[in-house]
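J.: Residue strings, one per chain:
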Amino acid sequence: MKKLFFSILLISLMAVQTDIKAQSGNEAYNYYYTIGIEHTKIADDYMKYASSVAHGSARKAEKKRVDLLITIAQAKEKVSRMQCYNGDCALRDSAVSYLNIYFLVLNQDYEKILNLEEIAEQSYDMMEAYFLAQDMAAAKVEEAGKRLEKTEDEFIAKNNIKLTEQKSELSKKIEQTNKVNEHYRKVYLIYFKSYKQEAYLLDALTRKDYSSAEQNRNALEQTATEGLSALDTITPYKSDRSLMMACKKSLDFYKREAAEKMKPCIEFMLLADNFEKMQKTFEAKDPMERTKAEVDEYNKAVKELNTKSTSFNNTFNYLNQNRESTVKYWNEVSQMYLEKYIPKYK
Amino acid sequence: MRKMRIILAIAGTLIFWVNITSQSVVSDYSKAINIIKKYHVNPPEVNDSLSKKIFAKYVQLVDPENILFTLENIDELKTFEYKIDDELISQSTEIIKLTQQILNARIPVIEQKTQKILNEPFDFGIDEEIVINFLNNSNSFVSSKEYDNWLKKWLKSQVLLAMAMPEIDDSVKHTITIKYKDQEIARKQVQKKVLRKLKNWQNTPETAEKLTVLLLKALALSCDPHSDYFTYKELKQFEEALSAENMSFGFYIEENMQGDIEIAGLVPGGPAWKSNQLNDGDVLLSIKWQNEQELEITEAGQENIDEILRRPDKTKAILKVKKKNGTIVSVELLKAKLTAEENIVKGYVLKGIKRIGYISLPDFYTEFENMAPIGCANDVAKEIIKLNKENIDGIIIDLRDNGGGSMKEALDLAGIFIDYGPVAMTSDKTGKAFILKDLNRGSIYTGPLLVLINGQSASASEVFAAAMQDYNRAIIVGEQSFGKATSQIVIPCDSTEKGSNSKNKSGFFKVTVSKIYNVKGSSHQQSGIKPDIETGISGNILFYNESMLDNSIIVGTTSKQSFYKPLPQLPVEELKQKSAERTKQNIGTGSEQTIKNSEIIMPLQLEEYEKFLKTIYSGKYQTTSSLASEKPEFTVTSNAFDSKLINFNVDTREIFETYCKYIQNDYQVQEAFNIITDYIEITQKP
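For the protein sequence lines, the chains are H and Z, in the order given.
Residue 233 in this note's numbering sits at position 233 of the first sequence, and the numbers go up by one each step.
Residue 349 in this note's numbering sits at position 349 of the second sequence, and the numbers go up by one each step.
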């Protein structure tokens, strides 16, 4: 799971718009090119990172993420030291601002750009707060990216720079990665919400916290149902529905678990609770003083508990096996999906 | 027949006299001041003005009935009125010494006067009255010249209280009857009690310590009415009171007409119950703890015996009791955790036009020992899961007289009925507000909900009720709640202590650390929660609330915003109108007689007193008993899940049936049933 988790963190990089080449003798163009070349270096590292997430090990992916961070930090440093062009600092400042935000987001320094306390207060748990923070951070990157694009366009127009409107190979790969990742992220979030909800449910049951268990059971049924509807609204990437089908399989399981299987399990636990009380009352009484009716009632209760405990155990085993296989299936399909569509890049 | 408790006696703060160990409580002086400075949400300046407040509280605590001191004594003590702050800081005990000197001189005199007065019969034909402050916060001392008259009047009032006992019969029709006791017996009973009380102030080293503890309590109460100082033993009692996990012998005691301590009730399933040798009405003669001397009960009052029985350090004892037939029996008992029916929440089904689940929650108990405690909210959840199987149309949660408890349980309880989100907000001394959330997504019950509250629903109860009201989740029915929106924590005076299990028996300070706001940012402090539909004043004959307490904190509002999603508005106006149509025929003017002041004028003339008693009780009768329909719209049953357990033996079935009858004859429950039925019908209209 850890390796896949990295991909969630992948915040789309602003694609390298055009294939730029140095043009001697044009000062404005060279100024523009110097900034652009930094972006290309970043794009290069970004693709290496994305590729390692899909095709390499978790360790390798982490190494590539660190490389990418270093490259961005260096680029930011370099661009910020550049002079303004003929007194026009807009392009430089806009690029620095973008690189700064991108660095912070990639490094998950969210508190420097977002009000995390407010986000936490709006969310029901840490995980939701984290996803919300990611969405908001991604929006900040996009916003900075758009500002940079606009400044670039103005700089190009103002200084009469001619660009070849041809995308580089790297640009194409980044665009594809962004699309693959966007689809993955959408499906993953749907999957993860129920996955997490089930974890809360199981934890509550272990603690015999019926209140939390029953709330999370209801919430699981709701999130799984909502997830199944949400899946219907998603357009598959390149008509490949494998990821969505794996997600559906998991959600079907969670829904069945919450709506049908878990309810009798919780009820059984309450029955066992009641039996315990009955047993205490029964055992507190001197055997000689027990009435026949009490003994009969007690024996009946023992029999009922035994019958129901067999069924309880069977249900739990069934759930455990199914849970294991659906999680395994989701992991395999996710890995295959990323391997298939994220371009290899070295 | 259910005896009414002597209401004038229970209203005040109960102070448990504890034989504290000889470690120096004085050393807690400066520690307590440091705790207040560090943690109190509104720390007062430690100066002469605080000293004056502490002084006033101190004399109130030592002499709540104004019978020990005369005005001259108070003037003498007043040399310390502006010096207590310095006394505390320097750990000086001069005021304690002076108090004890005064008491040493006063006690024999008062004893003598009391005996003399009580040896003569009172004439209850004389038209006179006495002002009684039931919150015990009066400083109306009289001069030595007026003292004899005052003492006589006061003793007369005590004899009258002991003589005339109001009783209600819950099982049939509810009319108040006043049972009279022979005056001579009543005088002897009062004499015994007063002398016992005076004996507490005899010249012993314990008395000095008691006074020291009271000075620390006065310091706490000068900050706000809910801060307090506890000795080690008192803290254990406080914890036990909130915990469902307490160790106990499982019986209640009360002082009977003769001033003896008798068993008033057994907790089903508890050790006394299981011993099969103890019954209601057995008179307690002695207690012998393991490896200790036998302790005679005769001269001790109920509070003392309660305290002795709760000793946290002892679990095994031999009790000697006198049975009703005159035989004397010794019973060996071992304390056990009380997990019997009476302590645990139970879900009933009210079957009428609609099937309504009914859950009464007497307090927000929790487990103190557990880091992730599972308390009353979990028990309520279990009952709702069972009720959900009964296809109920709605639920009534009864929080009347629920004085609060664990805040976490209140949040968890709210979580049962809302999906997720903020339930309340809190701020500490810095003023920074934090949001308190329901931590579980999802709910257990999403159908129609009604919450019953009354004037003694406080703190955690109010947090829950406010959240349900702000979310438009429940109809709030009953009367305006108490109005406590602060929360407290208990801190050991010795910072090296790790809680009440520590062997070092230093004191503890309960300190008010935060203010509480509802999700909208306002607070119910002093104002209470206003119910959507009022059903008249009930239960509490002597009405008092937060705003009447000395030094109550002002909470105000917070600008902090909480992100909560209220549900659509409830049809409150329509329900209110329907309820008013039903109740206007029932509610007369009786409920207006409830006393809304801490001072009451008690007539000492017999007929006038009888009238007075009937007047103050009429509020209660008008609403809870005589208003109750003899043919309620519903019958009460258990949920199917629990029926086997209930019918398992005669005893559990008997308890259950008694409780069902009690629910059925409760006017407010009857009206709540009607309101929720209307609510369901309105929302089900096409």
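By construction, these hints were calculated from the structure, which means they are not laboratory data.
Heads up, some of the hints might be wrong.
To be verified - Using 20 Å as the maximum straight-line C-alpha spacing, the simulated SDA-like pairs for lysine to any residue come out as follows:
| # | chain 1 | residue 1 | chain 2 | residue 2 |
| --- | --- | --- | --- | --- |
| 1 | H | LYS76 | H | ALA120 |
| 2 | Z | LYS644 | H | GLU297 |
| 3 | Z | LYS97 | Z | ALA208 |
| 4 | Z | LYS97 | Z | SER27 |
| 5 | Z | LYS432 | H | GLU118 |
| 6 | Z | LYS565 | H | ALA120 |
| 7 | H | LYS263 | H | ASP273 |
| 8 | Z | LYS520 | H | ALA120 |
| 9 | Z | LYS389 | H | LEU270 |
| 10 | Z | LYS432 | H | ALA120 |
| 11 | Z | LYS389 | H | TYR298 |
Values in this document were obtained by computation on a predicted structure and should not be read as measured data.
J.: Of the numbered hints stated previously, which ones are contradicted by the structure, given in increasing order?
T.: Of the numbered hints given earlier, those the structure breaks are 1, 11, listed in rising order.
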